[in-house]
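Sequence order for the protein chains is C and B.
Numbering follows our numbering, with no gaps: position 43 of the first sequence is 65.
Numbering follows our numbering, with no gaps: position 18 of the second sequence is 40.
Possibly wrong hints are sitting among the right ones.
Since copy identity is lost for identical chains, a pair holds within one copy or between any two.
When the alpha-carbon atoms are kept at most 25 Å apart in a straight line, the in silico PhoX-like pairs for lysine-lysine are as follows [as the list claims (entries may be wrong)]:
| no. | residue 1 | residue 2 |
| --- | --- | --- |
| 1 | Lys-134 | Lys-124 |
| 2 | Lys-43 | Lys-134 |
| 3 | Lys-43 | Lys-124 |
| 4 | Lys-27 | Lys-104 |
| 5 | Lys-103 | Lys-134 |
| 6 | Lys-194 | Lys-72 |
| 7 | Lys-124 | Lys-103 |
| 8 | Lys-43 | Lys-103 |
These are computed hints drawn from the structure, not numbers from a lab.
Number of protein chains: 2
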Amino acid sequence: MEALKEAIRRDGRGIGTDIVKVDCFLNHRIDTALVTAMGEALHQAFAEDKPDLILTVEASGIALAFAAAQAFGNIPLVFTKKGSHRNTADDHYVAPIISYTKGDSYNVQVSKQYLQPGMRVLIVDDFLANGGAAAGLRSILEQAGCELVGIGIGVEKGFQSGGGQLRAEGIKVVSLAIVDGIDNGRIILRD
Amino acid sequence: MEALKEAIRRDGRGIGTDIVKVDCFLNHRIDTALVTAMGEALHQAFAEDKPDLILTVEASGIALAFAAAQAFGNIPLVFTKKGSHRNTADDHYVAPIISYTKGDSYNVQVSKQYLQPGMRVLIVDDFLANGGAAAGLRSILEQAGCELVGIGIGVEKGFQSGGGQLRAEGIKVVSLAIVDGIDNGRIILRD
Numbered sequence: 023m024e025a026l027k028e029a030i031r032r033d034g035r036g037i038g039t040d041i042v043k044v045d046c047f048l049n050h051r052i053d054t055a056l057v058t059a060m061g062e063a064l065h066q067a068f069a070e071d072k073p074d075l076i077l078t079v080e081a082s083g084i085a086l087a088f089a090a091a092q093a094f095g096n097i098p099l100v101f102t103k104k105g106s107h108r109n110t111a112d113d114h115y116v117a118p119i120i121s122y123t124k125g126d127s128y129n130v131q132v133s134k135q136y137l138q139p140g141m142r143v144l145i146v147d148d149f150l151a152n153g154g155a156a157a158g159l160r161s162i163l164e165q166a167g168c169e170l171v172g173i174g175i176g177v178e179k180g181f182q183s184g185g186g187q188l189r190a191e192g193i194k195v196v197s198l199a200i201v202d203g204i205d206n207g208r209i210i211l212r213d
Numbered sequence: 023m024e025a026l027k028e029a030i031r032r033d034g035r036g037i038g039t040d041i042v043k044v045d046c047f048l049n050h051r052i053d054t055a056l057v058t059a060m061g062e063a064l065h066q067a068f069a070e071d072k073p074d075l076i077l078t079v080e081a082s083g084i085a086l087a088f089a090a091a092q093a094f095g096n097i098p099l100v101f102t103k104k105g106s107h108r109n110t111a112d113d114h115y116v117a118p119i120i121s122y123t124k125g126d127s128y129n130v131q132v133s134k135q136y137l138q139p140g141m142r143v144l145i146v147d148d149f150l151a152n153g154g155a156a157a158g159l160r161s162i163l164e165q166a167g168c169e170l171v172g173i174g175i176g177v178e179k180g181f182q183s184g185g186g187q188l189r190a191e192g193i194k195v196v197s198l199a200i201v202d203g204i205d206n207g208r209i210i211l212r213d
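With these hints in hand, go ahead and build the complete structure from the sequences.
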């Protein structure tokens, strides 16, 4: 998506070899017009997949997921909550999300009543790196008996393994921008 | 706001004497059309106050704040991040948020570059109870030299002290629905 790539070129910052800092428009300060347009772009990419619901992770995925939910004609959005330290709960689906970047893991949960068996669900998140968040969300969808129709991402770190692994499994993954690397603070975008 | 009150009457649940559970449309599952309309209602309420930016707290305030930012003609949105355990940081404004409900406190932070002195800022949040989040956000705006133009809320617990205290200070607070109490699981809404 050209407008996102422009924003990354203009305002993004690469740190070290693997940190893509875009918090001035995507995940701390939000450029409302840009994120709205990103939601519309995800709708275009997944319109034929007809999701019933969008699932994301709190917190930084929420704005993009909400914009996408609007673009799909105001379908509902569910965001996982950080929380339970238990691995099971009577009224929630629980799954771990492993952060390879931070080297830790935390549980997320979704109230069972909001994911009905057979629902067609699109996962949306601001970032895809090693796929830890996507794996946790897929576990929740499997527990709930929902159908994953695809994964829509703002910025994918193409030099990390998450996107490649998911696509190798046959999952439809669409990222609005893919970063191929960082060179001396400069973010290298895939054409 | 009538549509919100209807949703609270239909789907909200009161628990004990003070828990207002609206997570099936506001803060876990999101009713996209309703939250979009709530953002428009906040725009109507604060249009004359001409905010430059909306400030909210991650995570459950983000969708409503984003919808409001859209309604104000796509002004930017900043959400505080949970984080620093330190009370100061060179590049962030930091303030504690005291949760009277949970009896604990945590720090939130905003990168200094996103709040410029003199900016007119509207605080938006999904809930207002004892005013702990509002106090933390006001502290951040004071540190930054920004002007608070008002506080827009989804659901106010009118039986707790936050809203009354803020209004007594002369701050413009608009809540789209006010809950006056809970009676045997039934949520009592103010007319």
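Hints, verified against the model:
1. Lys-134 with Lys-124: between (29 Å within a copy, 24 Å between copies)
2. Lys-43 with Lys-134: between (34 Å within a copy, 15 Å between copies)
3. Lys-43 with Lys-124: For Lys-43 and Lys-124, the Cα distance is within 25 Å only inside one copy (15 Å; across copies 33 Å).
4. Lys-27 with Lys-104: neither (30 Å within a copy, 28 Å between copies)
5. Lys-103 with Lys-134: within (12 Å within a copy, 27 Å between copies)
6. Lys-194 with Lys-72: For Lys-194 and Lys-72, the Cα distance is within 25 Å only inside one copy (13 Å; across copies 42 Å).
7. Lys-124 with Lys-103: both (19 Å within a copy, 16 Å between copies)
8. Lys-43 with Lys-103: Result: close both inside a copy and across copies, 24 Å intra and 15 Å inter.
Checked against the numbered hints given earlier, the structure breaks only hint 4 and satisfies all the rest.
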